[in-house]
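Q: Okay, here's what each chain looks like letter by letter:
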Amino acid sequence: MKRIYYLLVPLLCALCACSGSDADSKDMEKPVISSDGIVANPIECQVYHRGESIPFQYLFTDNVELGYYNIEIHNNFNHHTHSGSAIECPLEPAKKAGSKAWVYNQDFKIPAGLREYVATTDIPIPSDAETGDYHFMVRLTDAASSQAVFAVAIKVVE
Amino acid sequence: MAAAVMMCAVSDTTVTLHDITVSGNARRNFQLRTSQSAVLVDRDYLQQHFSGSLMQTLEGIPGVKAMTIGSGQSKPVIRGLGFNRMVVSEDGVKHEGQQWGDDHGLEIDQFSIDRAEILKGPAALLYGSDAIGGVLNLYANQVPMEPLKGSVRLFGRSNNEQLGLSAKLGGRHGHFFYRLHGTFIDYSDYRVPTDSIQYYSYWIRLKNQRLRNTAGRERDGSLMLGYAGYRFHTDLRITDSYSRSGFFANAHGLEVRLSDIDYDSSRRDIDLPYQWVNHLKAISHSSLSLGEVVLEANLAYQHNRREEHSEPVGHGYMPDPSGTLERRFDKSTATARFVLRYETGRHAMQAGFSGEFQHNRRRGWGFILPAFESYDAGIYAMDRYTLRENLTLNAGLRYDHARTHIRSYRDWYATPVGADSVYVQRSSDMHRRFNSVTWSAGINYAQGPWMLKANAGKSFRVPIAKELGVDGINYHIFRYERGNAELDPEQSYQLDASIGYSCGRVEFTVEPFVNYFPNYIYLSPTPRYVEGLQYYHYTQARVLRYGAEAEFTWHFLPHWQARLQGDYLYARQRSGEKKGYTLPFSTPWSSEAEVRYSFVFHGEGYAALNAHVVGRQDEIVPPEMPTDGYWTLNFSAGKHFPLRSTTFSVAFHADNLLNRRYYDHTSYYRLIDVPEPGRNFSLMLGLDF
Numbered sequence: 008m009k010r011i012y013y014l015l016v017p018l019l020c021a022l023c024a025c026s027g028s029d030a031d032s033k034d035m036e037k038p039v040i041s042s043d044g045i046v047a048n049p050i051e052c053q054v055y056h057r058g059e060s061i062p063f064q065y066l067f068t069d070n071v072e073l074g075y076y077n078i079e080i081h082n083n084f085n086h087h088t089h090s091g092s093a094i095e096c097p098l099e100p101a102k103k104a105g106s107k108a109w110v111y112n113q114d115f116k117i118p119a120g121l122r123e124y125v126a127t128t129d130i131p132i133p134s135d136a137e138t139g140d141y142h143f144m145v146r147l148t149d150a151a152s153s154q155a156v157f158a159v160a161i162k163v164v165e
Numbered sequence: 028m029a030a031a032v033m034m035c036a037v038s039d040t041t042v043t044l045h046d047i048t049v050s051g052n053a054r055r056n057f058q059l060r061t062s063q064s065a066v067l068v069d070r071d072y073l074q075q076h077f078s079g080s081l082m083q084t085l086e087g088i089p090g091v092k093a094m095t096i097g098s099g100q101s102k103p104v105i106r107g108l109g110f111n112r113m114v115v116s117e118d119g120v121k122h123e124g125q126q127w128g129d130d131h132g133l134e135i136d137q138f139s140i141d142r143a144e145i146l147k148g149p150a151a152l153l154y155g156s157d158a159i160g161g162v163l164n165l166y167a168n169q170v171p172m173e174p175l176k177g178s179v180r181l182f183g184r185s186n187n188e189q190l191g192l193s194a195k196l197g198g199r200h201g202h203f204f205y206r207l208h209g210t211f212i213d214y215s216d217y218r219v220p221t222d223s224i225q226y227y228s229y230w231i232r233l234k235n236q237r238l239r240n241t242a243g244r245e246r247d248g249s250l251m252l253g254y255a256g257y258r259f260h261t262d263l264r265i266t267d268s269y270s271r272s273g274f275f276a277n278a279h280g281l282e283v284r285l286s287d288i289d290y291d292s293s294r295r296d297i298d299l300p301y302q303w304v305n306h307l308k309a310i311s312h313s314s315l316s317l318g319e320v321v322l323e324a325n326l327a328y329q330h331n332r333r334e335e336h337s338e339p340v341g342h343g344y345m346p347d348p349s350g351t352l353e354r355r356f357d358k359s360t361a362t363a364r365f366v367l368r369y370e371t372g373r374h375a376m377q378a379g380f381s382g383e384f385q386h387n388r389r390r391g392w393g394f395i396l397p398a399f400e401s402y403d404a405g406i407y408a409m410d411r412y413t414l415r416e417n418l419t420l421n422a423g424l425r426y427d428h429a430r431t432h433i434r435s436y437r438d439w440y441a442t443p444v445g446a447d448s449v450y451v452q453r454s455s456d457m458h459r460r461f462n463s464v465t466w467s468a469g470i471n472y473a474q475g476p477w478m479l480k481a482n483a484g485k486s487f488r489v490p491i492a493k494e495l496g497v498d499g500i501n502y503h504i505f506r507y508e509r510g511n512a513e514l515d516p517e518q519s520y521q522l523d524a525s526i527g528y529s530c531g532r533v534e535f536t537v538e539p540f541v542n543y544f545p546n547y548i549y550l551s552p553t554p555r556y557v558e559g560l561q562y563y564h565y566t567q568a569r570v571l572r573y574g575a576e577a578e579f580t581w582h583f584l585p586h587w588q589a590r591l592q593g594d595y596l597y598a599r600q601r602s603g604e605k606k607g608y609t610l611p612f613s614t615p616w617s618s619e620a621e622v623r624y625s626f627v628f629h630g631e632g633y634a635a636l637n638a639h640v641v642g643r644q645d646e647i648v649p650p651e652m653p654t655d656g657y658w659t660l661n662f663s664a665g666k667h668f669p670l671r672s673t674t675f676s677v678a679f680h681a682d683n684l685l686n687r688r689y690y691d692h693t694s695y696y697r698l699i700d701v702p703e704p705g706r707n708f709s710l711m712l713g714l715d716f
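First to last, the sequence lines map onto chains B and D. Quick note: the first sequence uses my numbering, first residue 8, plus one each step. Quick note: the second sequence uses my numbering, first residue 28, plus one each step.
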């Protein structure tokens, strides 16, 4: 009988020894995309003309370190919706995308070591882009790979 | 104390191990044969716990999880390790499908299975590569003892309006025997307790809480012919398993999009995107007994064909493809295994050779896995030494040599790079060779009501083609994945123990383990973007894991039984980019409490109420998100009715009675905000003759 306990006790101790300190610093918090203290662009339901530029500007913050961001613009001719949009923008009639439907997809690196960064970039709209409803998406990571996603609806007109 | 010990040791009581009724000695003998944590599951258990898929049926076993991937299918996970880190074998032959895929289920008919055996812990000695987390052994090769025997099962599930029919027939005439089996299943879109889901910031509404386009169907058949003599046994079993099921329409493909397909017009049809898989298997098993020496030969051929179809939509620089074939995998596997057993006095020795050849080809406009060929050859020897009737020792050694040849792949469309346009290379031609030495040693000790086992072992896994050669978008998870041609074979060391006690009304088992990987192959997330998607790459890191399962059963009154079980798992990366973090999809702790009433009144019957509790999982690797804990209430009841020479049986199941909305941290559906299925009732009617 006792022999069993002789074997049991060291085994349980071995298990407990493994659950020691886990003091490694881990960043589990997501970065934040906001418009605090700046004039953010673009905002919900904004209208742009073909051939002009979208002066993108948003504030990125993180508790430890920011990583990269991506801007992607795709058409919303089929009226799909994204969460997080509080406002319903008036939409053009639904249609099928033509060959000149505008697609923009660009990755950007944020300088290392920053917790706060005001991202600005001018995005030119091609002069032959198909007019209609578009979605403007911003994706942001922190150095620990957490991701925040942000979307607004915009309109491209003649 | 001594008297009590004697009493328990002598009595050959019938005990119930989660409803698996076996005589005390038979179970003891099974447990004495292996120094690993092992669970034996018989056909009765499989029937009583019948669920949507084989793995969901086995999920009641501590340490075993089913990663659900839609209503009809799920993947096995043993102690937090799944995919290519565990082995599923059928009649002793490793099942080879596309087990690396997140939404690829098991292509095995659960109704053809006679019994299952679950080994927790390293089993490389007998199974070679991949048997790190454990092995799920399925057996469908029982030799019929009567001239004609058969059964018919009719079953249904309410949640996805599933209907199924399965029939078995078998017989023996002299030394010759045969078995026939067929199963047909049809199900509609399944229901989840939510009206909308959010994924990748998209807002997707569901009609009538149904996950659109998750309907499917399955048909399986098998034929077995054999000869069972006194010294010589041989059988050939051919099985074919086909399934076709839809992918949840709003979260599959190159991007989240709305389609012109009217998915909500019918909940039983299968629209694009969908997958179909056909798995054909031929297994030949022969054994020749020459007194103390037994020779065995297993030869098998498997062909797995999988196609995934989607609406042809261009993405980035890829123009609209022609046709709907997004991916096709054609995989052939030939396996041979020869074993020599020699039992004399106190020694039970075994030596064997196994060889495997795989040939994998791909087609379709979506690239994720390169074409490859691989060869593996292994030799092993082991001995079980019975020191005393209640004390056995075992040890074994194995050597494996594996080769992989990965074929190069270039995009079928051109991508502009500067002023040029190039066909981007997604995978390069690559030859790799791997060698591995693995071993295992263990001890079994029984004393009165106690059973003690301890096992130490090393196991390994050859990197798969996807880990070595992938370079592209994973359409299921919306991320960019890149392989690493320099990966070494993954190695794992594990120490297991099992402490069991069974006496009178009480029995319990505690099974702790410690597991260390010097070079766990890991798909590490990075903050970078490629083509607008987060970039993940394969690396290797030191990983420490440990955990335990425990089970306690108390027969508190005649006919009544209470059972409490739980499992816990810890994992930590000890090196690399994500040092200090756990592993993605870490299994949270879980616990189950059950009260069961069994009776005999013109046949056996039972009723059971069960509460399943799962803890919150905060142990994550960003961008993974924590998952809340949950609990579900479940009820089951069943009864056998003997009718002359036949038996009629009924089994009823009610899962998630309170229709709780919850997420399974280990399911990839959690990533797309799809909760687990809502309330479900299932009923099975059976006739055995």
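You may find that some hints are simply not true.
Stated by the list, open to error - In silico DSS-like pairs for lysine-lysine, Cα to Cα no more than 25 Å straight-line:
(1) B:Lys102 - B:Lys162
(2) B:Lys33 - D:Lys485
(3) B:Lys116 - D:Lys666
(4) D:Lys606 - B:Lys37
As the list claims (entries may be wrong) - Simulated coverage check for chain B against chain D, where a stretch passes if three residues somewhere in it have a Cβ under 8 Å from a Cβ of chain D:
(5) 49 to 58
(6) 151 to 165
Claimed, not checked - To give an idea of the interface, some chain D residues facing chain B are shown, with a C-beta separation under 8 Å as derived from the structure:
(7) Tyr229
(8) Gln561
(9) Pro669
These are computed hints drawn from the structure, not numbers from a lab. Quick reminder that beta carbons are idealized off the backbone N, C-alpha and C, glycines included.
Q: Each hint: holds or not?
A: Hint check:
1. Note on Lys102 of chain B and Lys162 of chain B: the hinted pairing holds, with a Cα-Cα distance of about 14 Å set against a maximum of 25 Å.
2. Under the criterion of a C-alpha separation no larger than 25 Å, the hint pairing Lys33 of chain B with Lys485 of chain D is inconsistent with the structure, at around 31 Å.
3. Among the hinted pairs, Lys116 of chain B with Lys666 of chain D is inconsistent with the structure: their alpha-carbon atoms are about 65 Å apart, more than 25 Å.
4. Between Lys606 of chain D and Lys37 of chain B the CA atoms are separated by roughly 19 Å; this keeps the pair inside 25 Å, and the hint holds.
5. Given a C-beta distance limit of less than 8 Å, the hint that chain D covers the segment 49 to 58 of chain B is violated, as 0 residues qualify and 3 are needed.
6. Under the rule that three or more residues need a Cβ within less than 8 Å of chain D, the assignment of the segment 151 to 165 of chain B holds, with 7 such residues.
7. The closest approach between the C-beta of Tyr229 of chain D and any C-beta of chain B is roughly 5 Å, which is under the 8 Å cut-off, so the hint is satisfied.
8. With 8 Å as the threshold, the beta carbon of Gln561 of chain D comes within range of chain B, its nearest partner Cβ sitting at about 6 Å, so the hint holds.
9. Nearest Cβ of chain B to the Cβ of Pro669 of chain D: about 43 Å, over the 8 Å cut. The hint is violated.
Hint violations for this structure: numbers 2, 3, 5, 9, all remaining hints satisfied.
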